[in-house]
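Trainee: One-letter residues, chain by chain:
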Amino acid sequence: MQNRHVVFLVAAFGAALAMAPVLPAQTGRPSGAAKPQAQKSAQPFDPHELSGTWNIVGGGNGAATCNYTMNPYPPDPQCKVATNPPAGVPDFTYPGNNVVPDGVHMTAWAHDLWMSQDQGKGVGGSADPYEHCDPLGVTRVFLSYIHPIQIIQIPGETWMIYEEAHTWRVIYTDGRPLPKVEDLPFGANWLGYSVGHWDGNDFIVETIGQNDKTWLDLRGHVHSEEMLLKDTYRRTGHDTLEVSFSFHDPKAYDKDWSYGPRKFALKTGKDWEIQESFCTLEDEQSFDSKIKGPAEHGIQAPGIKP
Amino acid sequence: MKTKLVFMVASVLLVSAPLFAHHGRVGYDNKKVLTLKGTVTEFDWTNPHVQILFDAPDEKGVTQHWDVEGTNPFGASRAGWTKNSFKPGDQITITFHPAANGLGVGLFIGAVTASGQKLGAGTSGANDSNQ
Chain U
836 MQNRHVVFLV AAFGAALAMA PVLPAQTGRP SGAAKPQAQK SAQPFDPHEL
886 SGTWNIVGGG NGAATCNYTM NPYPPDPQCK VATNPPAGVP DFTYPGNNVV
936 PDGVHMTAWA HDLWMSQDQG KGVGGSADPY EHCDPLGVTR VFLSYIHPIQ
986 IIQIPGETWM IYEEAHTWRV IYTDGRPLPK VEDLPFGANW LGYSVGHWDG
1036 NDFIVETIGQ NDKTWLDLRG HVHSEEMLLK DTYRRTGHDT LEVSFSFHDP
1086 KAYDKDWSYG PRKFALKTGK DWEIQESFCT LEDEQSFDSK IKGPAEHGIQ
1136 APGIKP
Chain A
301 MKTKLVFMVA SVLLVSAPLF AHHGRVGYDN KKVLTLKGTV TEFDWTNPHV
351 QILFDAPDEK GVTQHWDVEG TNPFGASRAG WTKNSFKPGD QITITFHPAA
401 NGLGVGLFIG AVTASGQKLG AGTSGANDSN Q
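As given, the protein sequences belong to chains U and A, one line each in that order. At the far end of the first sequence sits residue 1141, using this note's numbering, and the numbering has no gaps. At the far end of the second sequence sits residue 431, using this note's numbering, and the numbering has no gaps.
Calculated directly from the structure, the hints in this document are not laboratory data. We put the beta carbon where it would ideally sit given N, CA and C, even for glycine. Hints are supplied without guarantee of correctness; some may be wrong.
Result set (DSBU-like, lysine-lysine): computed pairs, CA atoms no more than 30 Å apart in a straight line [to be verified]:
#1 A:K387 / U:K1105
#2 A:K332 / U:K956
#3 A:K360 / A:K418
Computed, partial: chain U to chain A, Cβ under 7 Å [stated by the list, open to error]:
#4 D937
#5 W1033
#6 G1138
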């Protein structure tokens, strides 16, 4: 395994993150129009260098034909969404919305859990844990949303900073084995315990111990805390990263499956600095009263056209 | 009372970002698009979604108040928005998917600001998304 030494104040940064109180999210900073990314695909690159800011291509939940980062107005007629769901029905065919393929079935345990969450409606229902700002687990945190991810490699650790929900994840690369769930020092938690190693040019991350309160995707697919998740990162070019996943969760699903690869593009410049993006109940409740209540439940918001 | 607005309604393919963040988009009529000219009353540059609140006359000339959600501020910023893109009193043209139930909320597609800048939907947030 080769690790490039990346000189950041990671210790202080990590400590700051750990102690950061939940504050109302900062509003956006002034920014000019995002500048188009220069063509860098011909540049040489080290496939073992993953550090940088990456943004999912094709949208976390949009059609692969569009670059939703710069969705223009008037809309680009070439930018077409693959499916157009009828009103009132969320479309879970978009990439990132559904990571469980046809042919993989929930066990009775998983089905009961899924149905206990507003009849398995997923994000369109009332049981979305993110609605009350519960942490997002992996894979949802970065497949379902178009927020950038910053990867920071230092000796012995690889950090993944997800802008969505101000989430960070540390992957131990010092050769330690993946513990058993029962041996986790703090038990199962929201993002689990991760170790990583290189296999050729593939950085393979194994995670165990994500509690069963998180969803894999927007469809609301559940998992058990015994799930073994493997994400494989492969830098395919200077500006491109592919990430694939394999899921092993016999308590929740009748077979293992793989998902991906999903592509990520390297992003640079001030527009792509990771911003503070906490989910706060105050913001969520305000939004619900002004938008979600009227739109989804027909609740008249004060002052809005009846 | 649900007033039916008939302004430049067109059935188009969904070309805007799905805005399918964790709030979902089940309440909007994805096949209906409204484009209105109105006056901004408030601009919320906040998480989880920016909101443009504006007044616009309906087909009977009666002023109606709307609240249209966009993406999160960061996605919007990367698409050229700023916290000053909309200010109370601004005359704008705004295109959006209205709520299927007729209430005065909507899902942003695009707008022309008072300065003439064209703004798209930007990146998507959580299922909310545009996210």
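Trainee: Hints first: check each against the structure and report whether it holds.
Mentor: Hints, one by one, checked against the model:
1. At most 30 Å may separate the alpha-carbon atoms for a hinted pair to count; A:K387 and U:K1105 meet this at roughly 24 Å.
2. Between A:K332 and U:K956, the direct Cα distance comes to roughly 24 Å. Compliance with the 30 Å bound is thereby established for this hinted pair.
3. For the given pair, A:K360 sits about 28 Å from A:K418 by alpha-carbon distance, which is consistent with the 30 Å threshold.
4. Violation of the interface hint for U:D937 is found here, the shortest Cβ-Cβ separation to chain A being roughly 21 Å, above the 7 Å cut-off.
5. Proximity of U:W1033 to chain A is violated relative to the hint, the smallest CB-CB distance being about 31 Å (cut-off 7 Å).
6. The criterion of a C-beta within 7 Å of any C-beta in chain A is met by U:G1138, whose closest approach is roughly 5 Å, and the hint holds.
Taken one by one, the earlier hints fail for this structure at numbers 4 and 5, listed in ascending order.
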